Amino acid sequence: MYDYTIIGAGIIGSLIARNLSKYDIKVCVLEKENDVANVQTRANSAIVHSGHDPKHDTLKAKLSVLGNALYDDLEKELNISLLRSGAFVCAHDKTEEKILDDLYQNATLNHVKHMEFLTYDQAKILEPNISPSVTKVLSLPTTKVCFPWEVAFFALENAINNGVELRRNALVTSITKHDFGYEIKTANNEIIQTKHVINASGVYADDIAKMIHPTIDFKITPRKGEYFVLDKSVKGFIHHVLYPLPTSKGKGVLITPQVHGNILLGPTSEFINDKDDISTSTSGLSYIKEHANSLAKDIPYHLIIRSFAGVRSSSTYDDFYIKEDTLNKGFYQVAGIDSPGITSAPAISNYLVDEIIKIDLPIKKTYNPILKKKVVFKDLPKKEKAIKQTENPLYGRIICKCEHITEQEIVDAIKGPLGSQTIKGIKKRARAGSGLCQGGYCESLVLKIISRETHTPLSKVNYDQLDTPILCEETKVKL
Amino acid sequence: MEGKDLICIMCPVGCHLNVDKDGQISGNKCKRGLIYGLEEIKSPKRMLTSTVKTNFIDMPRLPVKTSSPIPKALIFKAMEKLNDIIIKNNVKIGDIIIENICDTHVDVIATRSYRP
Amino acid sequence: MKRYDLCIIGGGAAGLSAALAAYDDQLDIIIIERENQLGGILNQCIHNGFGLHVFKEELTGPEYAQKLIKLIYEKKINFLLDTTVLDIEKTNDFKITISNIKDGEYDIHSKSVILTTGCYERTRGHISIPGDRPKGIMTAGSAQRYLNMDGYLVGKSIFILGSGDIGLIMARRMTLEGAKVHGVAEIMPYSNGLTRNVVQCLNDFDIPLYLSHTVVDIKGKTQLEEITIQEIDEHKNFIHGTQKTFKVDTLLLSVGLIPDVKLFDHLSIDLDIHTKSAVVDQNLETSVTGLFLCGNALHVHDLVDDVTIESQKAGKFARTFIHQNQSEQKILKEILIDEHIQHIIPQVINFSNVVDPIELSFRTLKKYEKVNVTITQNNQLIKTKILTYVTPAEMQKVSIKASDLISKNPLYVNLEEV
Numbered sequence: 043m044y045d046y047t048i049i050g051a052g053i054i055g056s057l058i059a060r061n062l063s064k065y066d067i068k069v070c071v072l073e074k075e076n077d078v079a080n081v082q083t084r085a086n087s088a089i090v091h092s093g094h095d096p097k098h099d100t101l102k103a104k105l106s107v108l109g110n111a112l113y114d115d116l117e118k119e120l121n122i123s124l125l126r127s128g129a130f131v132c133a134h135d136k137t138e139e140k141i142l143d144d145l146y147q148n149a150t151l152n153h154v155k156h157m158e159f160l161t162y163d164q165a166k167i168l169e170p171n172i173s174p175s176v177t178k179v180l181s182l183p184t185t186k187v188c189f190p191w192e193v194a195f196f197a198l199e200n201a202i203n204n205g206v207e208l209r210r211n212a213l214v215t216s217i218t219k220h221d222f223g224y225e226i227k228t229a230n231n232e233i234i235q236t237k238h239v240i241n242a243s244g245v246y247a248d249d250i251a252k253m254i255h256p257t258i259d260f261k262i263t264p265r266k267g268e269y270f271v272l273d274k275s276v277k278g279f280i281h282h283v284l285y286p287l288p289t290s291k292g293k294g295v296l297i298t299p300q301v302h303g304n305i306l307l308g309p310t311s312e313f314i315n316d317k318d319d320i321s322t323s324t325s326g327l328s329y330i331k332e333h334a335n336s337l338a339k340d341i342p343y344h345l346i347i348r349s350f351a352g353v354r355s356s357s358t359y360d361d362f363y364i365k366e367d368t369l370n371k372g373f374y375q376v377a378g379i380d381s382p383g384i385t386s387a388p389a390i391s392n393y394l395v396d397e398i399i400k401i402d403l404p405i406k407k408t409y410n411p412i413l414k415k416k417v418v419f420k421d422l423p424k425k426e427k428a429i430k431q432t433e434n435p436l437y438g439r440i441i442c443k444c445e446h447i448t449e450q451e452i453v454d455a456i457k458g459p460l461g462s463q464t465i466k467g468i469k470k471r472a473r474a475g476s477g478l479c480q481g482g483y484c485e486s487l488v489l490k491i492i493s494r495e496t497h498t499p500l501s502k503v504n505y506d507q508l509d510t511p512i513l514c515e516e517t518k519v520k521l
Numbered sequence: 006m007e008g009k010d011l012i013c014i015m016c017p018v019g020c021h022l023n024v025d026k027d028g029q030i031s032g033n034k035c036k037r038g039l040i041y042g043l044e045e046i047k048s049p050k051r052m053l054t055s056t057v058k059t060n061f062i063d064m065p066r067l068p069v070k071t072s073s074p075i076p077k078a079l080i081f082k083a084m085e086k087l088n089d090i091i092i093k094n095n096v097k098i099g100d101i102i103i104e105n106i107c108d109t110h111v112d113v114i115a116t117r118s119y120r121p
Numbered sequence: 433m434k435r436y437d438l439c440i441i442g443g444g445a446a447g448l449s450a451a452l453a454a455y456d457d458q459l460d461i462i463i464i465e466r467e468n469q470l471g472g473i474l475n476q477c478i479h480n481g482f483g484l485h486v487f488k489e490e491l492t493g494p495e496y497a498q499k500l501i502k503l504i505y506e507k508k509i510n511f512l513l514d515t516t517v518l519d520i521e522k523t524n525d526f527k528i529t530i531s532n533i534k535d536g537e538y539d540i541h542s543k544s545v546i547l548t549t550g551c552y553e554r555t556r557g558h559i560s561i562p563g564d565r566p567k568g569i570m571t572a573g574s575a576q577r578y579l580n581m582d583g584y585l586v587g588k589s590i591f592i593l594g595s596g597d598i599g600l601i602m603a604r605r606m607t608l609e610g611a612k613v614h615g616v617a618e619i620m621p622y623s624n625g626l627t628r629n630v631v632q633c634l635n636d637f638d639i640p641l642y643l644s645h646t647v648v649d650i651k652g653k654t655q656l657e658e659i660t661i662q663e664i665d666e667h668k669n670f671i672h673g674t675q676k677t678f679k680v681d682t683l684l685l686s687v688g689l690i691p692d693v694k695l696f697d698h699l700s701i702d703l704d705i706h707t708k709s710a711v712v713d714q715n716l717e718t719s720v721t722g723l724f725l726c727g728n729a730l731h732v733h734d735l736v737d738d739v740t741i742e743s744q745k746a747g748k749f750a751r752t753f754i755h756q757n758q759s760e761q762k763i764l765k766e767i768l769i770d771e772h773i774q775h776i777i778p779q780v781i782n783f784s785n786v787v788d789p790i791e792l793s794f795r796t797l798k799k800y801e802k803v804n805v806t807i808t809q810n811n812q813l814i815k816t817k818i819l820t821y822v823t824p825a826e827m828q829k830v831s832i833k834a835s836d837l838i839s840k841n842p843l844y845v846n847l848e849e850v
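Protein sequence lines, in the order shown, are assigned to chains A, B and C.
Position one of the first sequence corresponds to residue 43 (our numbering), numbered consecutively onward.
Position one of the second sequence corresponds to residue 6 (our numbering), numbered consecutively onward.
Position one of the third sequence corresponds to residue 433 (our numbering), numbered consecutively onward.
Treat each hint with caution, since some may be false.
[Said to hold, decoys possible] As a list, the in silico DSSO-like pairs of lysine-lysine whose alpha-carbon atoms are at most 27 angstroms apart: (1) B:K93 x A:K520; (2) C:K527 x B:K34; (3) A:K424 x C:K527; (4) A:K331 x C:K651; (5) A:K502 x A:K520; (6) C:K488 x B:K50.
Treat the hints as calculated values from the structure; they're not laboratory data.
Keep in mind it's a predicted model, so treat the numbers as computed, not measured.
Working from the sequences, and respecting the hints, build out all of it.
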């Protein structure tokens, strides 16, 4: 019997799990995918917004400003990567400048700090590649950029260290109400009995909610966003997150520097019917190029290494839907978490636990909020490298030559409570395959390391989901 | 026999040859095309390069080739014979792996050595 | 702190050939190779067609490699395997940061460096093919490695994008090992590979070649299920209604090779946007004195024989450079090209060190049946050559002698269709 079961191990579910792990209660997280942080958390702009944009007096406004500040704590406690880039919202004419003023007013009401207006000339000194079509800029220095799945991983690993259980490949197929609380059945035939349920299942939040409340008062309206990724050799091309003026479609096509030096261009914004549709399109990618050009000049498109798309769980409810279910006590909905979801995530977790669930328990003595800093070998000082290599010679073999990732880091990414046995999972954790050649060199090496470390035949090592082996069949073998 | 079109592979020009129903070649810009066309119609031959399985953990496959071209029609049969081989002992470049494959009087030889 | 005369980065065809040409018994040479064997890409190119020029016999890739490796052992040239170069810096000499399991990360120093790091393959991400992103999309070279070195087919039902030689070779190879190859699509109106390969790899197996087609959609949730190709016209616009769909589990990409020059990151070096690599003079020296570049890392070659011939030049000039022991003033002038030429190597001439002959290699942008190549200096014609059956897929070569040069001014290379 669990006290709390969280459905969904994205950034939201992971931070909620960490929060609950403070208390002497039994917590379980159910994730339908083969890896955590594999859907929305895996495909977004990675921005920790300042909180300038959501309408004043909404939960989105309140929790994004709070969340932005809480990222500093996450950096200290979980050792997450954080880029303090700041941001420029760019206006191109008098009409847009008026909207910029309104944005400033809204941001002031939201208590966003340190904002200032810049002329084009002032902005150009700080951002030499800003488009000459920009006339006025609102500078938002509190804007940061994170590495979203890393935040989820570290929060969840910390939660697991503090006693939380994780079950992967646990797609929820039914939830029934009982005296003790709820009984959840999963596609892999697990039965979970739990006193409380927290629905943090992203684009499927309405489907999960409907399992116990068929007339729930929100519907997820999935919205797709496509992106380009530029190789990290573009580092320094722009320093700040560049926003156009927001519209009803959202924040628009942005140019975003990333934690590891890459630059993201995008997203588009398109309502879709199929929640699983994360395909990219020629029109979407053209749209990005068209609009990015109004923010920066001479964008090095020849350094595109990838494009991807993600789905946001926009909903018919005009704000974050964070409530106890009206018909089912002890069932909490954390739904409609689209932008500024990443930003608000730590604050959403606190809001749910402190103000909605209102947990009134002492923090357990054994709770440790700190997660030891992970080794990113290439960033270590020379002396430390030498010590580590003597202890673990596998730090000496370079596997991903584009990003300088060592074999020991791959091995560490495979092991542990949140380890992965897939090519994609290793890429998310150790970054092998994220560079210029996109895994052309290292994929076969990573595959062999996974096979060795997990005692799995080469032909059974998966790309991402279960049953997606990279290798189809061994030749010249009699069946 | 029906007329057949083929591309000569003897030089970079790649003449488009035609062989009519009487076996006459046309379209060649030189004599080598004539020879190629005739052989290609009568008994086309190809070099076969492939690999064979080994027991060596650090070299699971050994590359091999036919020592000269073999009839095109026997290529897949030759592949089947290659698939039955497992190299267990040290092998040197040029070693015969299969002698007289499919009765062609052509050997299959190793194209690299294994040095354990 | 170990100090060498010459450090060669990459032990494939280019690196081995350069080492052999640079060798004399006074020089301390080291080859650094990241794999656990020498030979580079030749080890997985188990097919025929190499060595006709250099060794006067038709060899497979491994056999070609073995001929070079045998000479490396005979000359007792040193090499480090399983070792990756992380960085190069230049001050008085070259500081090269390397790493391996045995000794961890450390620096070596060298008077001179030849970079022979080859190429990497363009991926789906680089060319932004839209659609789903399931497993099953891979570069042809990766599939070749899995099949020929590890012994695994990456799929049973294949489509190939790109008719360059690697795509054609893999069409045949996959078929021979039991997969079904449904077709090869090529965005240009002609195949990029050797005609002999189209015949022996596609026609022999009745694999259709779809010229002027490219992949426009990919479908599959977790695993590839289907791809769609579409025809383009001469203005690169898609033609309505020409979509063709194939149910496949694998899409192999043979869509271009890019020189692997990441090690230039911390060097101040002149680059050529056409080749995506460095500018070199006729002695294959880059703008960084003592740093030479050859093989696929300089520009993509069609034949490994050309790689060897070019790398022998680099090795020879590196040796001269080391023995000279002084940096002289270089007189560098550009070799300018007209709009018919994609790129040319070398891009500059070093007039202070002209050794016969000066070999120019270039690729055109279009196909021509017959062209006249003219080289002028000071508006005077200094060399002319007729070339036939010219295609972008085949590197063209023109030589000029030192005595052809009439001044120390830039050269202009023009093409005229005849």
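> Hint by hint, which ones does this structure get wrong, listed from lowest number up?
Replying inline: Violated: hint 2 alone.
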